[in-house]
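Here the sequence shown is numbered in the working numbering, starting from 85 and rising by one per residue.
Calculated cross-link-like contacts (lysine-lysine; reagent style DSSO-like; alpha-carbon spacing at most 30 angstroms):
no.: 1; residue 1: K104; residue 2: K86
no.: 2; residue 1: K86; residue 2: K101
no.: 3; residue 1: K185; residue 2: K88
no.: 4; residue 1: K88; residue 2: K101
no.: 5; residue 1: K88; residue 2: K104
no.: 6; residue 1: K185; residue 2: K104
no.: 7; residue 1: K101; residue 2: K185
Don't read these hints as lab results, they were simulated from the structure. Because the structure is a prediction, the values reported are computed rather than measured.
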Amino acid sequence: MKSKIISQIYIGIYTRKNFKRFVLPISFSIFFILLITSRLIFPGFYSIFSNTISDLGNPILNPFPGWLFFSLAFWSLAVLFPPLFLYLHRRLVVIHQIEAKIGTSSNIISIFGMILLGIFPNLPETNFMHLIAAILSFAGMGVAIIFYWLAVIHDSIQKAMRYHHIGISMILIFITFLFTAITFLGSLQIGSEIFDLNIIWLFDFPFWEWLLFIFLSFQLFFIGIIIPEQFSYEKST
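Let the hints inform the model, and build the full structure from the sequences given.
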């Protein structure tokens, strides 16, 4: 009986209540506990403003057992990730099959990237494979979230046809905010180059890598919260 329940959870067959209270918190808690342990063992100075995530898995910068906890973190995420995105897939595929299938396929690709990240550290002799692994994991999750959001927007547009265009208004507000933020950051970057301003960490790669990783993790939670258990109209292709 327990094995059947576990197998159903692993393929995404569970309620939104379980998604919020158990599956998502447990999955990311295990991952971040292992990653934080790797950080605590890291000798010397480490900062998200000057060190990349991969520095935690570098056996030279973070000797054993530090780098091992980094590898275990990403291997555990590769194992615990499928129940999360399969839960989203089973609901979003009802809205639009194309977006859901592309998103889920991208997440499957990201799993291979996570496994490879734990195998190939960012050392000169393995840096190429490490780069491939990072692209697969980050790009896979990023593309998946984009297409999952497209499915949600598709649902909002259909509902807006019936409910006074509330959904479209919300989308336009979000797009306006996004472009405003991009314009502000772009202007700040141009100004820093013209006037030789030293903003230090704001545009450094390590900071944006950490920010992107946290942002992608949050998006999975947010999409899982806002999508309903069931949809009221027939699925489209």
